[in-house]
Amino acid sequence: MRYSMTPDPVLQTHNLTKRFGRIEAVSNLDMRVAGGRITGLLGRNGSGKSTTIKMLMGIMRPSSGAGTLLGRDIADASECRKSRERVAYVAEDKQTYGYMTVAEVIAFTRSFYSDWDTDSERRLLRQFELPLTRKVKALSKGMRTKLALLLALSRHAQLLILDEPSEGLDPVSIEELLLSLVVAAADGTTVFFSSHQIAEVERVADHVCIVDRGRLVADTSLEQIRQDYRRITFGFSTDPPPLHFSNPGVRSVHTDGRQVTVMADNNADDVIERGRSFGASTVESTPVSLRELFLSTVKEDVHHDALV
Amino acid sequence: MILTINASSGQPIYVQLMQQIRHAIETGVLRAGDSLPGVRTLAQQLVISPNTVVKAYTELQHEGLLELRHGSGAYVSVHRAKKARTDRLRQAKERVKGLVERLQKEGLSESEIHRLVEAELFFTTTNERKP
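Protein sequences, first through last, are from chains Y and F.
Under the working numbering, residue 308 is the last one in the first sequence; the count climbs by one each step, no gaps.
Under the working numbering, residue 131 is the last one in the second sequence; the count climbs by one each step, no gaps.
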């Protein structure tokens, strides 16, 4: 089987920063994405996802910090050209040449790549029902996205990077998009895509990186979230004592009257034990969905900023 | 067979797949030698990462329920010796039951049947041991 769980990084950033005037779009980002998996980059609009991807692709220069794409320096133009030969990229705006027809854009793009796969091209043309003779500028947003996907997926790229690919698509087209990502992964391509849609990341991704205000706030596998992340609520019959959870795995502790809620990313059993030792009369432990993790991580961030 | 998953449940998707396949084998919906969808096909069908399917299949192979054949997919294991053995034991039990009932009708006592079976067992096993 070609897919593997080996965690060789396909991209890596170290203190990557991008400033636009006084605004820091990406702040000291340390991120590492492993090969042989589907990784989702999740964040709100304006959280720095697109800027990060543009820096990785060599389209935008970092203000400071460093990064590599397939082991090559993203700040070096000739290194970038070399990594781009093995990376397929679907940009946020999905722009292609508006004056060309769909057939012309495909023929034009095909001529640049030695790894072009005509079978994939035909299959995707059928699947996406793209009108060959229509001019690109006359395509709907969904059609333009599908064309951009076809151009990226018709190559046997080692790494596929997509910037908000589902943006503006209807539910049927989103399903087709996710299916394309799964097929690419089954063919051995590493997939890295950004999104602000929690459900689609939860569905297909092996791993998720959450960014907020230009910083990485969570980096975990979806299996770990399902298996180990728990929200544990303790109820007390009197006002609870000040609780100190020194247990490893505790992400946050919130007290609300006689209820104390602990979010743990590991060792839920130890946390429950500890809560009982404080005299909790009721204990409830529930799994944490990616939505809850996302909202709580991002909310804490907002809270933290308000305090500063 | 129809597999379904719940992406937002508190259970890893590979565990959900394992449980459904295991249940199908235990209830006879899947039989020895039956094939399961390939990794690619099942990943496409459920729109989940192929790694998740690989993990479920590999774990079930470790449990001895599935056999993975390179390039041709996953099959319900035919070498499930335990299952075959219980089937054979159940059949033998029926035959022994029939014989005991016949001998009792013919007037033999419980201890006589006991002695006969033991003697026969002793005789055949000692004979077998001789070269």
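In case anyone wonders, no lab produced these hints; they're calculated from the structure.
Incorrect hints may appear among the rest.
[Stated by the list, open to error] What the simulated footprint calls covered on chain F by chain Y, stretch by stretch (three residues with Cβ under 8 Å from a Cβ of chain Y suffice, anywhere in the stretch; the number is not a length):
{"no.": "1", "segment": "20-29"}
{"no.": "2", "segment": "91-102"}
[To be verified] Derived CB-CB ranges, DEER-like:
{"no.": "3", "chain 1": "F", "residue 1": "Ala32", "chain 2": "Y", "residue 2": "Phe112", "range": "30 to 38 Å"}
{"no.": "4", "chain 1": "Y", "residue 1": "Asp256", "chain 2": "F", "residue 2": "Arg69", "range": "52 to 60 Å"}
{"no.": "5", "chain 1": "Y", "residue 1": "Arg122", "chain 2": "F", "residue 2": "Glu26", "range": "52 to 60 Å"}
[Said to hold, decoys possible] Below, simulated DMTMM-like cross-link-like pairs (lysine to aspartate or glutamate); rule was C-alpha separation at most 25 Å, straight line:
{"no.": "6", "chain 1": "F", "residue 1": "Lys55", "chain 2": "Y", "residue 2": "Asp8"}
{"no.": "7", "chain 1": "F", "residue 1": "Lys55", "chain 2": "Y", "residue 2": "Asp228"}
{"no.": "8", "chain 1": "Y", "residue 1": "Lys141", "chain 2": "Y", "residue 2": "Glu79"}
{"no.": "9", "chain 1": "F", "residue 1": "Lys55", "chain 2": "Y", "residue 2": "Glu92"}
From the three backbone atoms N, C-alpha and C, an ideal C-beta is built for every residue, glycine too.
Status of each hint after checking the structure:
1. 20-29: Check failed, 0 qualifying residues.
2. 91-102: violated (count 0)
3. F:Ala32 with Y:Phe112: 30 to 38 Å: The hint (30 to 38 Å, Cβ to Cβ) is violated, given that alanine 32 (chain F) and phenylalanine 112 (chain Y) are roughly 51 Å apart.
4. Y:Asp256 with F:Arg69: 52 to 60 Å: 55 Å, holds
5. Y:Arg122 with F:Glu26: 52 to 60 Å: The hint (52 to 60 Å, Cβ to Cβ) is violated, given that arginine 122 (chain Y) and glutamate 26 (chain F) are roughly 43 Å apart.
6. F:Lys55 with Y:Asp8: With Cα atoms ~19 Å apart, lysine 55 (chain F) and aspartate 8 (chain Y) stay inside 25 Å; holds.
7. F:Lys55 with Y:Asp228: It holds: about 17 Å lies between the C-alpha atoms, which stays within 25 Å.
8. Y:Lys141 with Y:Glu79: With Cα atoms ~33 Å apart, lysine 141 (chain Y) and glutamate 79 (chain Y) exceed 25 Å; violated.
9. F:Lys55 with Y:Glu92: 33 Å, violated
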